[in-house]
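Got chain A; can you put chain B on it based on the hints?
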Amino acid sequence: MTALKMSMPPPLAGGAADPASPVAPAQAGEPDDDTLLARAAGGDRRAFALLARRHTPKALSVAQRILGSAAEADEVVQEAWLRVWNKAGQWRPDGTARFSTWLHRIVVNLCLDRRRRPVMAGLEEAPEEEDPSPAAPDLLARRQVDGQVAGALAELPERQRAALSLCYYEELTAVEAGRILDLSVAAMESLLARARRALRARLAARGITGAEEEQ
Amino acid sequence: MTTAMTLDDLAFLLDAYGAEPARWPAEQRAAALALVLASPEARLLLEEAKAVDRLLDREPTPAVGLDRVGRVVAATLAALPAEPRRGAWQALLALFAPRPGWAPAAALAACAAAGVLVGAETNLATTLPAEAGQLQTRTADLTSVAFAPSTIESLFQ
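Protein chains in written order, with the working numbering: chain A, 1 to 215; chain B, 1 to 157.
Bound conformation, chain B alone:
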């Protein structure tokens, strides 16, 4: 069973799809053809749509020969990146690989660590004024202080 179509419906159908019934949506085709058979106004609309189709058909078809396709494909292939594409596992590894932006940060961290070690090994007595001699400062070996037996024992008291 087909749904009845109005002239307005047909006018929209023809404006959207043109005059060739094969281009019309299948579910509307029968109703549209029935209206064209039954209505002189509908046939006039169809003739107007055919005229627009004829104008559109004047536009030349683009020349897309094998030579042109070959040129475009060859140019595309030539423009592809030179390096081989990475597989999925390589892409995963790349996520954890050092990146250029990490290098300065790593250098800064190394310098900071070196500075701490140098400072820890420095003899503080050499940096104190002689007037402070009563303090009986011994070599301020922070590492030995930190790991002295008394210090370790205090951790368990």
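Okay, chain A solo, but in the shape it has when bound:
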């Protein structure tokens, strides 16, 4: 199993006010992430629960995009939070590095580890049977294209899929995603470009270009 990278992320160039933060900021009156994590490091479960509720939605979304499975995403995020609990005392807030980057680095690495292992899909993950009703030919065609797109995304190398998940779907900057994947901005851009090119080529080979949907 690949060793989990638990090192702290490097300082963020834009500071804590980066608009591409992967999570919503704390509500007014709530302690910030660093304060909650410090309390969690001292054993405060209530602070830990508040921190978890704040960041779990985005973590689930990232994990599910990479893994393609809601159940697996739930497991990965739980495991990530347990690691946060166990390593909370190692976090040293310096005003620039963000907890969310650390959390997403843990989540993404756990996802990549899982993608390297053979996975037995559960019944609940099985694709739904197509509606055979003749009244819905357009719907059928759309579902077929959706399935082809999902299949092409699933076939991408895991790091390319993670890059698309973070930057395209979660709208992180290349700077932020690069910190999570431990890549420079240039390397992150290259990874993103390879992902989109690979997806386009795979779908074009199946006769799907996206141009046919232009309104």
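Be careful, since some hints might not be right.
Computed far set for chain B versus chain A, every beta-carbon distance over 10 Å [as the list claims (entries may be wrong)]:
no. : residue
1   : M5
2   : T6
3   : L7
4   : A16
5   : G18
6   : P25
7   : R29
8   : L33
9   : V36
10  : P40
11  : E41
12  : A51
13  : T61
14  : A63
15  : R71
One-sided excerpt, in silico: chain B residues whose CB lies under 7 Å from chain A [said to hold, decoys possible]:
no. : residue
16  : F12
17  : R43
18  : V52
19  : P62
20  : V72
Here are the in silico distance ranges between beta carbons for each label pair [stated by the list, open to error]:
no. : chain 1 : residue 1 : chain 2 : residue 2 : range
21  : A       : R46       : B       : E47       : 27 to 37 Å
22  : B       : A34       : A       : A38       : 24 to 34 Å
23  : A       : P31       : B       : E27       : 32 to 42 Å
24  : A       : R197      : B       : A22       : 20 to 30 Å
25  : A       : V175      : B       : R71       : 45 to 55 Å
26  : A       : T35       : B       : A38       : 50 to 60 Å
27  : B       : A38       : A       : E171      : 39 to 49 Å
28  : B       : E41       : A       : P31       : 33 to 43 Å
29  : B       : A82       : A       : A141      : 38 to 48 Å
30  : B       : A75       : A       : R116      : 17 to 27 Å
31  : B       : A82       : A       : D113      : 26 to 36 Å
Honestly, the hints are just simulated from the structure, not real lab data. If you're wondering where the values come from, they're calculated on a predicted model, not measured in any experiment. Ideal Cβ placement from N, Cα and C applies to all residues, glycine included.
Only chain B this time, still in chain A's reference frame:
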């Protein structure tokens, strides 16, 4: 002032970030838009990138509702270790506390010390053969020998 952008540069930008200018790095946005306005080839590249975006947008957004978040958080809290977390000073004390691996070593050392004491208190005469009687061995009280006045005096000569 904006730096001029080539078609190759634009193609890479679109491959990396997609067709939506808001996603492009701010420092490249103006040059890229200028090229799109000026070049039919650039507009074609932009249309191709829009097509890929449309395909990516077909992927459904994961359903992450409050119920699901609540379940995950509750399961995480239930899986936390039961014992309270130690503070820093407790962790420091733990460094010097006896550990399980020390117990056998301590027992062995105690046995060795007991053996030395027993040996030191043993009357050697009882262990010598009778034929060695001429040796006039007295009680071999090693502790008394070690701390005899003559022995101590010899240390200062």
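Each hint, compared with the structure:
| no. | hint | in the structure |
| --- | --- | --- |
| 1 | M5 | holds, 14 Å |
| 2 | T6 | holds, 15 Å |
| 3 | L7 | holds, 15 Å |
| 4 | A16 | violated, 4 Å |
| 5 | G18 | violated, 6 Å |
| 6 | P25 | violated, 7 Å |
| 7 | R29 | holds, 13 Å |
| 8 | L33 | holds, 18 Å |
| 9 | V36 | holds, 17 Å |
| 10 | P40 | holds, 17 Å |
| 11 | E41 | holds, 16 Å |
| 12 | A51 | violated, 3 Å |
| 13 | T61 | violated, 8 Å |
| 14 | A63 | violated, 8 Å |
| 15 | R71 | violated, 7 Å |
| 16 | F12 | holds, 6 Å |
| 17 | R43 | violated, 14 Å |
| 18 | V52 | holds, 5 Å |
| 19 | P62 | holds, 4 Å |
| 20 | V72 | holds, 5 Å |
| 21 | R46(A) - E47(B): 27 to 37 Å | violated, 53 Å |
| 22 | A34(B) - A38(A): 24 to 34 Å | violated, 48 Å |
| 23 | P31(A) - E27(B): 32 to 42 Å | holds, 35 Å |
| 24 | R197(A) - A22(B): 20 to 30 Å | holds, 22 Å |
| 25 | V175(A) - R71(B): 45 to 55 Å | violated, 33 Å |
| 26 | T35(A) - A38(B): 50 to 60 Å | holds, 51 Å |
| 27 | A38(B) - E171(A): 39 to 49 Å | violated, 28 Å |
| 28 | E41(B) - P31(A): 33 to 43 Å | violated, 53 Å |
| 29 | A82(B) - A141(A): 38 to 48 Å | violated, 55 Å |
| 30 | A75(B) - R116(A): 17 to 27 Å | holds, 24 Å |
| 31 | A82(B) - D113(A): 26 to 36 Å | holds, 27 Å |
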